[in-house]
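Student: Residues per chain, in single letters:
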Amino acid sequence: MKVTAAQLAALLNGSVEGNPDTFVTRPMRIEEAQPGDFAFLDNPKYEHFAYSTQASVLMVSRQFTPTQPVQATLLRVDDVRGALAVLLAQFSATDTAAPEISAQAAVHSSASVGEGTSIGAFVVLEADVRIGNHCTIYPQVFIGKGSVIGDHTVLHPGVKVYHHTQVGAHCTLHANAVIGADGFGYAPLPDGGWQKVPHVGNVVIGNRVDIGANTCIDRAAMGSTYIHDGVIMDNLVHIAHNVEVGQNTAMAAQVGVAGSAKIGPNCQLGGQTGIAGHISLAKGTRTQAQSGLGSTIKEEGTAVFGSPAIPYNDYVRAYIVFKDLPTLAKKVRALEKAEPK
Amino acid sequence: MKVTAAQLAALLNGSVEGNPDTFVTRPMRIEEAQPGDFAFLDNPKYEHFAYSTQASVLMVSRQFTPTQPVQATLLRVDDVRGALAVLLAQFSATDTAAPEISAQAAVHSSASVGEGTSIGAFVVLEADVRIGNHCTIYPQVFIGKGSVIGDHTVLHPGVKVYHHTQVGAHCTLHANAVIGADGFGYAPLPDGGWQKVPHVGNVVIGNRVDIGANTCIDRAAMGSTYIHDGVIMDNLVHIAHNVEVGQNTAMAAQVGVAGSAKIGPNCQLGGQTGIAGHISLAKGTRTQAQSGLGSTIKEEGTAVFGSPAIPYNDYVRAYIVFKDLPTLAKKVRALEKAEPK
Amino acid sequence: MKVTAAQLAALLNGSVEGNPDTFVTRPMRIEEAQPGDFAFLDNPKYEHFAYSTQASVLMVSRQFTPTQPVQATLLRVDDVRGALAVLLAQFSATDTAAPEISAQAAVHSSASVGEGTSIGAFVVLEADVRIGNHCTIYPQVFIGKGSVIGDHTVLHPGVKVYHHTQVGAHCTLHANAVIGADGFGYAPLPDGGWQKVPHVGNVVIGNRVDIGANTCIDRAAMGSTYIHDGVIMDNLVHIAHNVEVGQNTAMAAQVGVAGSAKIGPNCQLGGQTGIAGHISLAKGTRTQAQSGLGSTIKEEGTAVFGSPAIPYNDYVRAYIVFKDLPTLAKKVRALEKAEPK
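Residue numbers (my numbering), protein chains in the order written: chain A, 1 to 341; chain B, 1 to 341; chain C, 1 to 341.
Just so you know, these hints were derived from the structure itself, not from any lab.
Since this is a predicted model, take the numbers as computed values, not measurements.
Note that beta-carbon positions come from the ideal geometry of N, C-alpha and C, so glycine has one too.
Distance ranges between label pairs, derived from CB positions:
1. B:Lys196 - C:Glu100: 21 to 29 Å
2. C:Asn313 - B:Pro190: 22 to 30 Å
3. B:His278 - C:Ser280: 30 to 38 Å
Construct all of the structure, not just a fragment, from the sequences and the given hints.
Tutor: In structure tokens:
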């Protein structure tokens, strides 16, 4: 995308100071921008970069008063952050190619595809699959029998959706995510082997859910694994069978949630956090990265840390002493020696 | 699947109390069941749900004597748990479509496919691949040169099997699992770079092995990485080159096993456990989730916890003191003050 | 591959003692070798295996003087380790089939493919993709619009490369790795929901970079996520948006690096290590497996351990006391009792 300062001003309802024909090809942070880049000054702490930036166009607020010469063409707007959001949405917009169903896709005769939906090459849609309107199903996606995908949902390349899964509207599933594989449910056999528990349930994903690359969400043994509206998950997350994740909960990369755990709404789980099976986390629970939760958290908004996890502040205070344990042990030995026998 | 109470009774050798034409479409837990669901009462602790459940059909033992009115049609059987297993197997049975080799698969002329085996769309079978009888190879699977897949094995969509891999019979590999990628073997170069060690070995997987979605098992540098009969692995597990995993060992999600480690039979590794390279775990070793094992465990049936892992009970007891370390430190300071100088 | 001792001698500039027609089909470690295998004796500690090995051909140095009878045909060379490297490269060489662009690939008319490059079945190359010379693009790979792949680079089956990614020369990306998915960037909304930050940046990967199976590297919000020359990463690693990984750094499996972290050159991160966002690691930082780094490391060559990570030796010493904390607590109680009131 190549635009001039004048075109940006028209788009963002701003005004240009300098050459209106200056063109830019990408947005970039002010401290890293190169010629041909578009940068912005939002945080006053970064003002000094305005005088040294190599950006060709610099977006500033109408109130900004330079105290030194600025090389870049200035673009003044009412609300820098708001204008930036508009601009980034423009730059990230995918192509405007007409939606089509690839002739190289394998679409079962009983599958239905909504209006304005694209189906990429080497996609498989099995029997009775229903895809909503204005979806983008990238190449090499698999959607199993009877699964339903809501409107405006995007499935990136290689996503695998097992049979009878439900995915809501306005969701984004990143590449190679796997939804609906069998849960890890086995009964021990007398000979030390394992008898697989058949998994006849499914996965139900709400609206506006984002799922990271290579993330796995297993189907329920019976009933459903639920991912509620507005949940966001990063890459390589594991969600076991019969888990429920509450509305707007955020999970950083490589989190693992064991079977039948119930994660409340508005929780924030740090990267590599582990959640044991069959426990519940209250609304707004926050975990530090690498924490391991082995028991239910009942109080809303609790912050925890450690493995097993304890209240955040308790862990931090205990860890301060832990780091210097050899000194504490030495003091105790000295006291023992000093003690009158 | 839609069946009547009478059909279920015929299947399960049971008897119906109520309308034999009541139909159900899915099994569900008694406390969550809705009209149209089939539920069961096995554990006496759940008996009160029998009087409130919305299930259309409720399976109970022949001995069950209700103490209040039951709305659901009752299906009496000799052995509730056994009947449930039969029923779930029915509900989870995949379609009965005739097996076929998709015209959209790329099957090398030297590859062989057994009787009753399905090959899905966009599958690649390279030269000299041999697939057994009654296998299901889902769409978008890749099987490299000379690999062998045993009878009755299922490869879910997107599984990638590198060349010269051996997979046994009655195995299930879930979507996007990767078997046989090169191990992480490099020799340091004088300039700080890394010289890759060629990996001329392979992966050998036994019979009745289940492998989770997005799990990775690397090929050996020389010789084989072995996954023995009856092993079960959850999602996102990492098995490095030249590892050996003993019979019937179970690994929860996100476990990582470093190169040349030998895991004994009947071990149970909790989620996110890490195993260092070149160590051995005795038969029946159990690890708590997130444990990190840095040294060999010789005694069978040992349970460990922590990073580095120590005996489970030792860790739990030490952690109790850890949580209140600031108090211990305070006591020591008080003792030091009190000590006669 | 089936070769005779005489052919090996010709290849490795060695000499044969025994039957020059003895054939072997694979290299194997001396202690595990079977008839038909080729083994080698490099480390004198393994000499006793020379007298018991089942290998058909055993490579030894010209200086080796057996003290007992050897069954295997001997192959004498000047430099055992150097000859082994040559041999393994031969055994691991992929087929010599003429490179071709599969008729079953979906290649956009504006994509360009270099000389000597293979494109497998069911590969998708979108508009303006450029693939260098002598690359191998295995089946089921996806490369998005405008991405560029350097010479001699190998993309294993199922790799997904999002749009506008740059991958250098002599790189290897293992199966189902995902490069360029959107980073996990969201701004909180007043209602508890999340507003996605558009990701208009990309991923830039240098030369001679190896990336493991199912590893994920996210694109930058603005600018680029950088993986510099010579970096090696194992399976299931997570690299967030705007991260920078310095030259020749090695990451073991399941490492996670959060957004905007800067990892210096020549670092070695142990398996399952977690790196917090926006921190920096100095050149040559080493982390023990499962460590969690929450703050910047300024001194080159620092070794750390623990979560949060502290200097390696400090952690080890503190952990020794930790393991026996109940005893320390008991001693303190005894001292308190003994203290004169």
